[in-house]
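Start from the sequences, fold in the hints, and give me the full structure.
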Amino acid sequence: MTNPIISVKHLKKDFEQNHVLKDINGDINAGQVICIIGPSGSGKSTLLRCINQLERPTSGVVDFNGVDLVQQTDQELAKLGEQIGVVFQNFNLFPNMSVLANLKLAPMRVKGLSDEEATKIAMKYLTSVGLADKAEAFPNSLSGGQKQRVAIARALAMQPKVLFFDEPTSALDPENVGEVLKVMQSLADGQMTMVVVTHEMNFAKKVADEIWFMADGVIQEKNTPAELFNNPQNPKTQDFISKVLVAD
Amino acid sequence: MGKMKMWLKQVLVTITVLVVAGFGMTQVAHADSLQKIKDKGVLTIATSPDYPPYEFQVNQNGSSKDVGMDIDIAKQIAKDLGVKLKIKNMDFSSLLVAVETGKVDMAIGGINPTDERRQSVDFSNVYYNGGQSFVINKADAAKYKKRSDLQGLKIGAQTGTLQYDLAQQKISGATVVGMDKTPNLIFALKTNKVAAVGMEKPVAEAYVKNDKDLKMIDSGYDLDINETGAAVAFAKGNPDLVAAVNKSITKIQKNGWIAGYIKNAGKHMSENTVDTSMLRYWHYFYNGFLNTTLIAIVSVAFGIILGIVLALMKMSKFKLLSWPAISYIEIVRGTPMMVQILLVYFGLGALINLPALTAGIIAVSLNSGAYVAEIIRGGITSLDKGQKEAAKSLGLSQKDAMRFVILPQAFKNIWPALGNEFISVIKESSIVSIIGVTDLVYELNIVRADTYRGIAPIVVVMVIYFLMTFILTRGLNYLEGKMNHD
Numbered sequence: 001m002t003n004p005i006i007s008v009k010h011l012k013k014d015f016e017q018n019h020v021l022k023d024i025n026g027d028i029n030a031g032q033v034i035c036i037i038g039p040s041g042s043g044k045s046t047l048l049r050c051i052n053q054l055e056r057p058t059s060g061v062v063d064f065n066g067v068d069l070v071q072q073t074d075q076e077l078a079k080l081g082e083q084i085g086v087v088f089q090n091f092n093l094f095p096n097m098s099v100l101a102n103l104k105l106a107p108m109r110v111k112g113l114s115d116e117e118a119t120k121i122a123m124k125y126l127t128s129v130g131l132a133d134k135a136e137a138f139p140n141s142l143s144g145g146q147k148q149r150v151a152i153a154r155a156l157a158m159q160p161k162v163l164f165f166d167e168p169t170s171a172l173d174p175e176n177v178g179e180v181l182k183v184m185q186s187l188a189d190g191q192m193t194m195v196v197v198t199h200e201m202n203f204a205k206k207v208a209d210e211i212w213f214m215a216d217g218v219i220q221e222k223n224t225p226a227e228l229f230n231n232p233q234n235p236k237t238q239d240f241i242s243k244v245l246v247a248d
Numbered sequence: 001m002g003k004m005k006m007w008l009k010q011v012l013v014t015i016t017v018l019v020v021a022g023f024g025m026t027q028v029a030h031a032d033s034l035q036k037i038k039d040k041g042v043l044t045i046a047t048s049p050d051y052p053p054y055e056f057q058v059n060q061n062g063s064s065k066d067v068g069m070d071i072d073i074a075k076q077i078a079k080d081l082g083v084k085l086k087i088k089n090m091d092f093s094s095l096l097v098a099v100e101t102g103k104v105d106m107a108i109g110g111i112n113p114t115d116e117r118r119q120s121v122d123f124s125n126v127y128y129n130g131g132q133s134f135v136i137n138k139a140d141a142a143k144y145k146k147r148s149d150l151q152g153l154k155i156g157a158q159t160g161t162l163q164y165d166l167a168q169q170k171i172s173g174a175t176v177v178g179m180d181k182t183p184n185l186i187f188a189l190k191t192n193k194v195a196a197v198g199m200e201k202p203v204a205e206a207y208v209k210n211d212k213d214l215k216m217i218d219s220g221y222d223l224d225i226n227e228t229g230a231a232v233a234f235a236k237g238n239p240d241l242v243a244a245v246n247k248s249i250t251k252i253q254k255n256g257w258i259a260g261y262i263k264n265a266g267k268h269m270s271e272n273t274v275d276t277s278m279l280r281y282w283h284y285f286y287n288g289f290l291n292t293t294l295i296a297i298v299s300v301a302f303g304i305i306l307g308i309v310l311a312l313m314k315m316s317k318f319k320l321l322s323w324p325a326i327s328y329i330e331i332v333r334g335t336p337m338m339v340q341i342l343l344v345y346f347g348l349g350a351l352i353n354l355p356a357l358t359a360g361i362i363a364v365s366l367n368s369g370a371y372v373a374e375i376i377r378g379g380i381t382s383l384d385k386g387q388k389e390a391a392k393s394l395g396l397s398q399k400d401a402m403r404f405v406i407l408p409q410a411f412k413n414i415w416p417a418l419g420n421e422f423i424s425v426i427k428e429s430s431i432v433s434i435i436g437v438t439d440l441v442y443e444l445n446i447v448r449a450d451t452y453r454g455i456a457p458i459v460v461v462m463v464i465y466f467l468m469t470f471i472l473t474r475g476l477n478y479l480e481g482k483m484n485h486d
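Protein chains in written order, with the UniProt record's numbering: chain A, 1 to 248; chain B, 1 to 486.
Rather than coming from a laboratory, the hints here were simulated on the basis of the structure. Please read these numbers as outputs of a predicted model, since none were measured by experiment.
Part of the chain A face toward chain B, derived, beta carbon under 7 Å:
#1 L54
#2 A78
#3 G81
#4 E82
#5 V86
#6 F88
#7 N90
#8 R109
#9 V110
Straight line, CA to CA, 20 Å or less: simulated PhoX-like cross-link-like pairs of lysine-lysine:
#10 A/K111 x B/K399
#11 A/K111 x B/K388
#12 A/K79 x B/K388
#13 B/K399 x A/K79
#14 A/K161 x A/K79
The beta-carbon is built from N, C-alpha and C at its ideal position, and this holds for glycine as well.
Set out below in structure tokens:
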């Protein structure tokens, strides 16, 4: 196996007396798709946010290509941050600008691309998520599924090394979930490195290279989908798997 | 007369003290100010031209001019000194502060040299003593013939004036009703809210002459001329200047010129009242409208810039930035705009020579900035946290996130609140009239004083204010509609 892009060591996060993350360790390798699953409140989203520093961890190391993100100032992070794309549950598109402007803003302001270059890149990724015809539309005129596809394209337009998904389909109407998962699937097929916090067990089973099962602020079990779903070792994993599989 | 309101004086004194302490500089008047006036070739005086026949404005060929007995006296003084006369108009209550802070060389405006005032300024000899009278409705002429007939009744007088004190002390059982401006008192008289209005004789004469329904009766007060006459006010410590002015006053009195001045004033007053239609005074209202608009637009523009800076400072995690912004906003919101305007005009004005209009605009901008800051901060904090996170995750700097993502959205959200602030600035800025900025309210008082019409000018100004705010509201709504992408 290659050197990990991101290596998490002894990561802890307390919200006052509440220990949300307790000693998290894990590696994210290039081209790998990791799905983080677990019951609500287990700390999945907090882990994701602590890795990309949207939330500052209480202690621990997040090694990103040899740099410890935890030790970086906000300004230094802004530079590194562009290499880690994030797709949020609530899309967080900028409603004051068109879809195209949403995609162009960061390439132009952060990477200093010309309008022409940024437009070219933006249109390339809009096309890849099937929304080239919505370039001039404003976000609030789109459906939830379309918004999330734009959000993915916006993250991709920065050409990040890793893409984080924080429950990307949880805020969607059921009929919109499929189109977003399809886009994510094709990204995975294209060797994009992805970390996905999700409740979509079928997606995790099918697409993930590795699944991290979290409960009570701890990664209880790490394994391939086949092993984790068919042969869970940890009692908490067994309990969770039995419940979600029954629900399916 | 003695229009100075006591509480206002206290405020002014407090501010003067604050300014003196704050800037560590005492505006000590210099003994050589007479020489300075001669060197400059200009004598600058302050007056409040809403008090015919002492000083008022005439409407000549579409432009207004200060005239009246006091103005003629000032002209003679300037002539005797061999210099030009420059007149600064302001509210009566600002005259003495203008003298104390060196904004002007002297103030003339029918000012009574009371003991109280002598503590803060010096006075010339008394140049005129008009005596005290009452104005009553002609219909009551048979009932009220002398002061004793007014016992136990309601008497009107300007708040905090000599007339107010006299009515209280010398008419047994009378209830004294205090009001701000003479036209308001006359209106109270005509609507029988008061039985009589105490005022100085020349002023009373002017009213009676211009209104057939009014009548004047003598007050019969026995008074000390040095307390009740009119004198010129100077900053303390200018014996040369006071002496020079006294010399002119003696000359004027010896030659009996005052009678001529009063006659002259009467001629101008009848000029004004030949035609008191509001149309004839349109340029007063127009000028007031222009200045009010100018103040509002410039103040809102600067207010928004200042508001953004203050809002960002207040939200900063660095105490060095947030603290000054917090205290600034608290102080501005916690003190009346009037006080702030006086502080800027007389306080800042003691350091650099600020025209009243500039001082007014600065004060209103500084005031508006604090309110806009809170509106903007509210707009920013009400935005979804996800917007900031999305900007951050894309690698946008904090500055770019603010500029392209946060502020445009915040502005859209706060647009109605900003519009309210704009409208409130249009209305509240009328307080700048106190330092003589010729805004709508200032012009309103001039027109009321000139025409002896109590209500019509108010209606005109109300309509103008309403049209301004109404058109603005429509415009803002239109722009808001254009901003809507939802």
